Amino acid sequence: MKIYFELNGEQQYVDIEPGESLLSLLRRLGMKSVKQGCNTGDCGACTVLVDGRAVRSCITFAAKVRGRRVTTLEGLGSVDDLHPLPEAFLEAGAVQCGFCTPGMILTAYELLSRNDDPTPEEVRAAISGNLCRCTGYAKIVRAILLAAEWKREGRWR
Amino acid sequence: MEVVAERKRTSVGKNVRKVDGVALVCGRPKFTLDVDIPGTLVGKILHSPHAHAEIVSIDTSEAEALPGVVCILHHGNVERIPYTTAGQGWPEPSPYDSFLFDRKVRFVGDRVAAVAAESEEVAEEALRLIRVEYRILPAVFSPDEALADGAPVIHDEEDAAGIHDARRNIAAAVDIPVGDIERGFSESDVVVEATCEIPYFQHTPIEPHCTVAYFDEDGRLVIRTSTQVPFHVRRIVARALGLPMHRIRVIKPRIGGGFGTKQEIILEDVAAALALRTGRPVVMAYTREEEFVCARTRHPMRVRVRLGAKHDGTLHAVEMEALSNTGAYGAHALTVLSNVGSKTLPLYNKAPHLHFHGKAVYTNLPVAGAYRGYGATQGYFALEVAMDELAERLGMDPVELRLKNHIRAGETSPIFEKIGEGREGKPMVVRSCALEECLKVGAERIGWHKKRTEKRREGPWAYGVGMACAMQGSGITGIDMGAATIVMNEDGSFRLLVGATDLGTGSDTILAQIAAEVLGVPVEKIVVYSSDTDLTPFDVGAYASSTTYVSGTAVLRAAEEVRRQILKVAAGMLEEAPGDLELSGERVISKKTEKSVALSEVGHRATYVVDQHQIAATASFVPPESPPPFAAFFCEVAVDTETGVVRVERFVAAADCGVAIHPKLAEGQLEGAIVQGIGHALTEELLFSGKGRCLNANLFDYKIPCALDVPHIEVALVKSEEPTGPFGAKSIAEVGINGPLPAISNAIYDAVGVRLRRAPFTPERVLSALLSR
Numbered sequence: 001m002k003i004y005f006e007l008n009g010e011q012q013y014v015d016i017e018p019g020e021s022l023l024s025l026l027r028r029l030g031m032k033s034v035k036q037g038c039n040t041g042d043c044g045a046c047t048v049l050v051d052g053r054a055v056r057s058c059i060t061f062a063a064k065v066r067g068r069r070v071t072t073l074e075g076l077g078s079v080d081d082l083h084p085l086p087e088a089f090l091e092a093g094a095v096q097c098g099f100c101t102p103g104m105i106l107t108a109y110e111l112l113s114r115n116d117d118p119t120p121e122e123v124r125a126a127i128s129g130n131l132c133r134c135t136g137y138a139k140i141v142r143a144i145l146l147a148a149e150w151k152r153e154g155r156w157r
Numbered sequence: 001m002e003v004v005a006e007r008k009r010t011s012v013g014k015n016v017r018k019v020d021g022v023a024l025v026c027g028r029p030k031f032t033l034d035v036d037i038p039g040t041l042v043g044k045i046l047h048s049p050h051a052h053a054e055i056v057s058i059d060t061s062e063a064e065a066l067p068g069v070v071c072i073l074h075h076g077n078v079e080r081i082p083y084t085t086a087g088q089g090w091p092e093p094s095p096y097d098s099f100l101f102d103r104k105v106r107f108v109g110d111r112v113a114a115v116a117a118e119s120e121e122v123a124e125e126a127l128r129l130i131r132v133e134y135r136i137l138p139a140v141f142s143p144d145e146a147l148a149d150g151a152p153v154i155h156d157e158e159d160a161a162g163i164h165d166a167r168r169n170i171a172a173a174v175d176i177p178v179g180d181i182e183r184g185f186s187e188s189d190v191v192v193e194a195t196c197e198i199p200y201f202q203h204t205p206i207e208p209h210c211t212v213a214y215f216d217e218d219g220r221l222v223i224r225t226s227t228q229v230p231f232h233v234r235r236i237v238a239r240a241l242g243l244p245m246h247r248i249r250v251i252k253p254r255i256g257g258g259f260g261t262k263q264e265i266i267l268e269d270v271a272a273a274l275a276l277r278t279g280r281p282v283v284m285a286y287t288r289e290e291e292f293v294c295a296r297t298r299h300p301m302r303v304r305v306r307l308g309a310k311h312d313g314t315l316h317a318v319e320m321e322a323l324s325n326t327g328a329y330g331a332h333a334l335t336v337l338s339n340v341g342s343k344t345l346p347l348y349n350k351a352p353h354l355h356f357h358g359k360a361v362y363t364n365l366p367v368a369g370a371y372r373g374y375g376a377t378q379g380y381f382a383l384e385v386a387m388d389e390l391a392e393r394l395g396m397d398p399v400e401l402r403l404k405n406h407i408r409a410g411e412t413s414p415i416f417e418k419i420g421e422g423r424e425g426k427p428m429v430v431r432s433c434a435l436e437e438c439l440k441v442g443a444e445r446i447g448w449h450k451k452r453t454e455k456r457r458e459g460p461w462a463y464g465v466g467m468a469c470a471m472q473g474s475g476i477t478g479i480d481m482g483a484a485t486i487v488m489n490e491d492g493s494f495r496l497l498v499g500a501t502d503l504g505t506g507s508d509t510i511l512a513q514i515a516a517e518v519l520g521v522p523v524e525k526i527v528v529y530s531s532d533t534d535l536t537p538f539d540v541g542a543y544a545s546s547t548t549y550v551s552g553t554a555v556l557r558a559a560e561e562v563r564r565q566i567l568k569v570a571a572g573m574l575e576e577a578p579g580d581l582e583l584s585g586e587r588v589i590s591k592k593t594e595k596s597v598a599l600s601e602v603g604h605r606a607t608y609v610v611d612q613h614q615i616a617a618t619a620s621f622v623p624p625e626s627p628p629p630f631a632a633f634f635c636e637v638a639v640d641t642e643t644g645v646v647r648v649e650r651f652v653a654a655a656d657c658g659v660a661i662h663p664k665l666a667e668g669q670l671e672g673a674i675v676q677g678i679g680h681a682l683t684e685e686l687l688f689s690g691k692g693r694c695l696n697a698n699l700f701d702y703k704i705p706c707a708l709d710v711p712h713i714e715v716a717l718v719k720s721e722e723p724t725g726p727f728g729a730k731s732i733a734e735v736g737i738n739g740p741l742p743a744i745s746n747a748i749y750d751a752v753g754v755r756l757r758r759a760p761f762t763p764e765r766v767l768s769a770l771l772s773r
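Going down the list, the protein sequences come from chains A and B. Following the working numbering, the numbering of the first sequence begins with 1 at its first residue and continues without gaps. Following the working numbering, the numbering of the second sequence begins with 1 at its first residue and continues without gaps.
Restricting the straight-line Cα-Cα distance to at most 20 Å, the calculated cross-link-like pairs of lysine to aspartate or glutamate (EDC-like) are:
#, chain 1, residue 1, chain 2, residue 2
1, B, Lys14, A, Glu91
2, B, Lys30, A, Asp81
3, B, Lys664, A, Glu91
4, B, Lys525, B, Glu586
5, B, Lys30, A, Glu87
6, B, Lys525, A, Asp80
In case anyone wonders, no lab produced these hints; they're calculated from the structure. Keep in mind the model is a prediction, meaning the values are calculated, not measured.
Bound conformation, chain B alone:
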């Protein structure tokens, strides 16, 4: 791979202006709902008021008679095709257990019918006029209840496929033994066990799900939608509606945050169905309440970790058991469950005896799905709290225990091969790892050694420090594919067409930087167009921390091919060999004679003058490995021993994402992920009534951090050089969210000596733990 030497780089590693930045800070109409198409109907969904029920009858006659109502769809008038709403690669690892509309509803908020009307008010009124008769079925609201003998079967439909054991409500199961776990524990000097649990967390992108479906002048269906996965939307909508894929075009404009919940086909199928039936444009947008209940959530999970270690701290046996609640449908059930183990266990690769096992279970609660961290967040909570307990039992500093056990460059873990994305993985050697340095930098910045020894107290406030480590991946090995096309314009500028999906992460900018670096032009000379299934090449989309690494490598390859083509033309112009030429400052320059020619002249010549042809290339990349980014997290908390209030005073994270292509964007990913994690740790939790109705589906009662809730956050990017990554880069988007839950729990323990194993660590929970000490 030919890359520009680091000292000569003009784009990579620089904080260039975001390519979409100026338009965004000027409020230009770049989002899904910012277009007005004349004649657009408003689509609305009727949701189930019951957690589990059969639909006995639906009477839409009164609603249909309402002036302005154009169409009502329900299970009685649409084709029944099983599919999954999870926007993943092919073959799809999530069960086909969803239907456009079904005869049964499985949670409060499940789809019953959809209305298209001339206005939102009329659509809402029509929903009230639809008469539905339900036969209420017994419901289950936890995996334990769902697994009990005699529990109601949530997916008893005959035509679902890919469910692990529908009769027992088990959507997915994994069981991965390595070595002999019981022997491992019997040979260990110290054994500790920790069980940690998280409730329902929701992504809360500030832009709720929204989509517009319409027909273009050629009668093709266009879906303009707020999605992370435009190509999966096209494939899944084609399946769900029985349409040929070539009749569908999916466009992703700017999107207002995703974090995983938009890796899902939630409104696109319904809006497309309404547009097809009416022949008119249809707009649909979730309300905030719908976003909480009917979009997706993180999988609530109980994870039990048992660690066995030798006296010197070397891990000898690690067992991890996960019980995941996938809610009413199995979106991402198997893959999130798999990632609980696959993204955590390789971090401490010294133990020869491992056992990872677990189940993802259906319940009559909202549907879980992909959420930043994707199982690793749940796994690290338990693993890193257990590591803290182990350090205490061994009388060892928690940082020392990590240093003793964490994976290093040149090492591997059997887990890489044993657990993949819903199937076996691939063996992999870690080629870059700066975790040791991250631990040192983080410990120093927080003042770890001093603060661990002093026990500070001010009135009722007790202070403590805690830490945790984490890794993630960079894309999905052997499955993810990203492609890029680069076309040279005759003025020496370029068009970069990528299927990759910028969901606010800045990937359009990062991909432009990679292209600009190879082509020797400033980023402004790269016009980026992304995420349009008609105009851009394929890309799986934005998930699994893949874009910089996977799509970035595709861009690098395309740029290198375009560079070769440019040098060939320039060689003729300069009468020199292509090998003696280089690209820099928008010129082709001879290293031998210093003769040069402007790129605009090269473009002009190829387009209009001699041997006329389009300078362009398309390249693809499927990652043979998924290099992990690493991070060390340190935090200081204050605990009010009278009220149980926990205040995070400072949070320090040091992360190794290889070479940061855009350091400010990389820091922003880390800062944002940490604050989401702090929200998870302290305040966030969806609450449900005894009948499965969500009680706090609004931003007042489901508390995400505001600017006043956020402590002083310091992030440090610790450089490593990933030899397989574009310009040495790995991922950064997800790893940051894995740290706050365990680091804060461990800091609370350091402050007041109680272990918080159930998130969020609300004043009630902390106080009750303090009182039962």
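For reference, chain A alone in the conformation it holds in the complex:
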């Protein structure tokens, strides 16, 4: 089956396998920031944005994104043009192994698009479906609060 969808601002017309997950499709298309940690929707490492909403791509059928807008971390900025949200993760020391980081950043992106002045509790609730085993979350929460501050200051584009 072939589907149209928008991936990081570009139109895609691709073959998908019957029953294929969005995670599998995106990685096949080279979006390696989308990580597989469990394949059961429990860890959040595969989080991407579909029409701006954070979804777990491992338990989403690829066919579901037909005609929709999908954003992965690759679509948020680049090494030479760093988006302020990932930059805040660096600044706060929120990255250890970096495997949960893409999903964590996209979940935070969705939160901050709804609420650019969240409380620490709101941040914790928002990322409660994104597991991290390295950091203990303290610096991740700080990073997201810092990014929110930058957003309110108009430093986001």
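Put chain B on the given structure of chain A with help from the hints.
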């Protein structure tokens, strides 16, 4: 050792940006599975459904007939070579009790066969078509059962080696007496005893084990793998497959967490065997379920501690007995067991009479291995709960009891010499220790003295505070070796090549900071390349809290030699003596005349102009000692007396890691370790059916902390100066995980007066303890 004075430092002690940070936050394809090699086969493993069985026959004909199946390996078509999967130094202290595939299976999840196929779906279908006939054997699911008379022998194979007593299922045993323990107890005024037990905990790195094996254009086998120990992978795979080592190259890209479970050769041997047999690239990745059951776990353990003390609180006799469950294979069995005593008993060095003894026992359950804390976590749970009981019996404040007994700088413990890594250790004097300050800082931050005296209650919630101390080591004395090569580029930048393995800890950054400091350049001018057995010098890898101290010292030495070479060239250019020159701000500057020359000019001259040569050096370091980091942990808990729910309200840790090379990374190690420890204390436990099948091998039912489960954590780095460490540094990665189990148990006791000695402290256990009070 020539080091840059503290006030002049521009890299060490600064929170520089992680060298791999930008790529990681942009999601660049840096992990093992992020490369696509055309023609790659997918490897999958058939696991045993039985806890203990002999394989009578394997019929692969139906599976082989399935289109897309390329290769099936099992015990009948591979060479039988005993080895250990534990990635440790040489000589290997773990028994050679594992085979690529064996005629026998020893736990539910053990390897039976492996398939390589054109796709994952075909590989999975092939697994279903392999017909295996088993003869089921009686199985044992606890060390007590395994040690009982007439228990089935789990390792009855003739060709295993290094097992302490295979007939009795004892993988390893230790017995270390110091002084006269019985006399010690009879001379003591107060004697207390505590037995604490932990179940199966799993590391749960968010990236499960994965590996890609392929042949390069010269026909050499390349293993790109998520490992903490690339050089041990090379050595062990060479042994397991009977290949010459020089035909293997191991590359560790970024890895998604390890915590010890990747100090093990788990998939690399199978993937390499499938690649060898098929001549094609093979990718293998554990599912989350496989990660729980077939990777490694912390050694479940029962530890009994008996303390004898004088009326004034001075410890006089300490006995510690450990019964460790190593599961079906003996990976790290002896060394984890040894560390239960060696990393705990020196902390309280006042007692002249000590006895540490224990056994690591085979069972028909998943295989234990290295896990952050490495036995010390198990030991401290019992030791620190016993110390809390002792303080109560003596009518002494628990903090005062620790202050009275803990080791100080300039002191030693006989344990350092008596217990090493699977053999005798080396005598050592502790040269830096800020535990006293840690105890003060921690007590003050949590409000210890006030909270210990007031008994707060709100409805069903009772509040309490508890504390614990711990130490660890920094590398393995006389065994670990790290090496580093630094090469100067002609533009005045440098390449730093290290075998050291950054598993997310930030060691690439820390090692770059050390090099940058000595060479007087910003960290951006150090290009780090690590963990590639073809291109980087040897390093044992990331374990035993070794990298900053061991590999860091190697980097420091290499940088100092490169510095000497640079000064020699610059001396010719400036017409001054090398001794009058210093490196700073990417320039060589004369302290006498203030004349200077840019490093880029030095590099250019050495490369192209006069006396052309490569400015470069390689240095190695084997630690003659293993300076312990210390930490004091304090926590406040709330216990719901109606439901047994325990909530950790606040957690404070003050730690002495010497000089923190990168304070934010050091804090991150501490915070992460504490949260893993809180998970151990409250929710984590692998559960098994009566037949040894794991019942909760997924992240929904095995509950690791999420952001909402984590209390307010405060960490403080209390500085000391370790004279043997690079820029005064010691380790920090492991010590933090030793505190939460005892500190939380002690806080629950303070809140509701019941002692939780079996982790995790689930509502059921707490409530049943409350009801049987």
